[in-house]
Amino acid sequence: MRIKRNGYLTAGLILTGIIVLMIIIGMFWTPYSPLTMSAKEKLQAPSLRHLMGTDNFGRDIFSRVLKGAGTTLTIAAATILIGSVCGTIVGALTGYFGGVVDDVLMRFNDALTAFPSILLALLVISLVGPGNKYNVILALGIVFIPSYARITRTAFASLRDANYITSARLMGASNARILLVHLLPNTVRILLPALTIGFNNAVLAEASMSFLGIGVTPPDASLGYMLSEAQGMFAAAPWYSICSGLVIILLVFGVGLIGEGLQRGEREVE
Amino acid sequence: MSENEMNLQAENEMNAKEAPLVLQVSHVSGGYYSGGILKTKQNYREVLHDIDFEIRQGEIMGLVGESGTGKSTLAKMILGLVQPEQGEIIHHTKRPQIVFQDPYSSLNPAYSVEWSIEEPLRVFGKYDAPERKRRVRDMLKRVELPEEILEAKPTELSGGQRQRVSIAAALIRRPRFLILDEPVSALDVTIQAQILRLLKDIRKELDLSYLFISHDLNVVYQLCDRVLVMKAGRLVEQGTIEEVYENPKEEYTKNLLAAAD
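As you go down the protein sequences, you meet chains A and B in turn.
Mapping of the first sequence onto this note's numbering: position 217 corresponds to residue 217, and the numbering continues sequentially without gaps.
Mapping of the second sequence onto this note's numbering: position 241 corresponds to residue 511, and the numbering continues sequentially without gaps.
Hints in this document: simulated from the structure, not taken from any laboratory.
All figures in this text were calculated on a predicted structure; none of them were measured in a lab.
Treat the hints with care, as some may be off.
[Claimed, not checked] Pairs of lysine to any residue residues, derived as SDA-like cross-links and limited to a Cα-Cα distance of at most 25 Å, are as follows:
(1) B/Lys311 <-> B/Glu324
(2) B/Lys396 <-> A/Thr166
(3) B/Lys423 <-> A/Gly99
(4) A/Lys4 <-> A/Pro193
(5) B/Lys346 <-> B/Glu452
(6) B/Lys423 <-> A/Ala39
(7) B/Lys346 <-> A/Lys4
(8) B/Lys346 <-> A/Thr166
(9) B/Lys346 <-> A/Ile190
(10) B/Lys364 <-> A/Ala157
(11) B/Lys470 <-> B/Lys396
(12) B/Lys346 <-> A/Gly99
[Unchecked claim] So, partial list: chain A residues that the calculated Cβ filter (under 7 Å) puts toward chain B:
(13) Phe62
(14) Thr74
(15) Ala78
(16) Ala162
(17) Leu170
(18) Met171
(19) Gly172
(20) Ala173
(21) Asn175
Idealized CB from N, CA, C, for every residue including glycine.
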């Protein structure tokens, strides 16, 4: 797959790159401990000392945002990893083989898609227990499987009768080889933009879950959890809501630009 | 026709008769099931009725008929992609390969020309990498393509080049029998002539038999030894090119020939 460079792609990569770089730095070093409270410095507005101000316990919000964004990024990345890998396996098998397996799995898939994703995640959380970061990943991962299964199924089904696949069958290539070597690289162009959209949905889903209190809980902090925390002190420390919300927006915007750039870049090559 | 030519023709026919069989299609009927997972009479649509012919070694058999008469279904059945409901298809050689009409979807767009030609050998698994490369280059010479093309992706090739690559990939495992499903219909006339000449040459070099499917009767006349005429899933006429073209028995064949002139 070839992609022509374009403004969307470049801007998206730069923006996402900066955010990811800061998150990676935040994993090893933050200006202050995100958990250390200080009564003297509570509810301070953004300053050079505290870039994003402090909350009602005097904790440095910039440090907390760095840590929280790290959690959010990890959850979103792990979620689309589970969702896309499992979804691609299901979609590839159903799309390529068709028949009864396809009918049964895709009807089940339709049923899953009929539920709002948050509701479905709530169901999984109520089964595995709340709070833990890994449970959130599991819940969201499962929720994301159907959409990827549908996208990849369409891609595999549309290519399975292509002449070059018929030739592959005639030369005696195994089904596994046809699926992995002959078909999979040709679905990347459909999968890649879907990954960026999925990543953004995962960021937002994690934020909503944590905001609603079914996501991560302390001592873990994610951007969504911080938003819900900030809501209680919106009047006293509006910068808390604004800063953590802004980071979510920038992350989603950057990855969205990459997705758009991928699609446009490929269209231009064709 | 002079006496000399007639003798030559008679000799050719003798040779054709004596040559070993490549393919026997005996009283084959078949079609498709549509809708639902159950194979019932209601959703069965028969496409081919009682098809019966054979192809001998070194022979180019034409298969003509209007679109929708089941020519491609017959090809799929010979390749084993569709099972016949009745009758039998017997191969006397290695599994045949096919070259498709549409040169734009017959090569995997994700890979280079070299990969596409080499892949059948990789799947076969009997040769090591240097031997595979050697065979790919040898085949590339036979289809008259320069080595520089090996690195190219299918999107960078012309229709004629793609068709040459498809022929190379189909022949790399040295099958004795090749099905050509409208291989030149998507190409313009000068390229058509080049590909037809290539097919003729390569048949001699590699001692191949072809089943050449086409709706273009002029092309069939240029290339084929014998011809099958198909109408609505039935073989209405078969014989040598001269028999059928100069003395068609069926009204349908006469109309087809009249339309081609």
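Status of each hint after checking the structure:
no., hint, result
1, B/Lys311 <-> B/Glu324, "30 Å, violated"
2, B/Lys396 <-> A/Thr166, "22 Å, holds"
3, B/Lys423 <-> A/Gly99, "33 Å, violated"
4, A/Lys4 <-> A/Pro193, "14 Å, holds"
5, B/Lys346 <-> B/Glu452, "14 Å, holds"
6, B/Lys423 <-> A/Ala39, "66 Å, violated"
7, B/Lys346 <-> A/Lys4, "39 Å, violated"
8, B/Lys346 <-> A/Thr166, "10 Å, holds"
9, B/Lys346 <-> A/Ile190, "30 Å, violated"
10, B/Lys364 <-> A/Ala157, "30 Å, violated"
11, B/Lys470 <-> B/Lys396, "29 Å, violated"
12, B/Lys346 <-> A/Gly99, "20 Å, holds"
13, Phe62, "45 Å, violated"
14, Thr74, "31 Å, violated"
15, Ala78, "28 Å, violated"
16, Ala162, "5 Å, holds"
17, Leu170, "6 Å, holds"
18, Met171, "4 Å, holds"
19, Gly172, "6 Å, holds"
20, Ala173, "5 Å, holds"
21, Asn175, "12 Å, violated"
Violated hints, listed in ascending order, are 1, 3, 6, 7, 9, 10, 11, 13, 14, 15, 21; each of the other numbered hints is respected by the structure.
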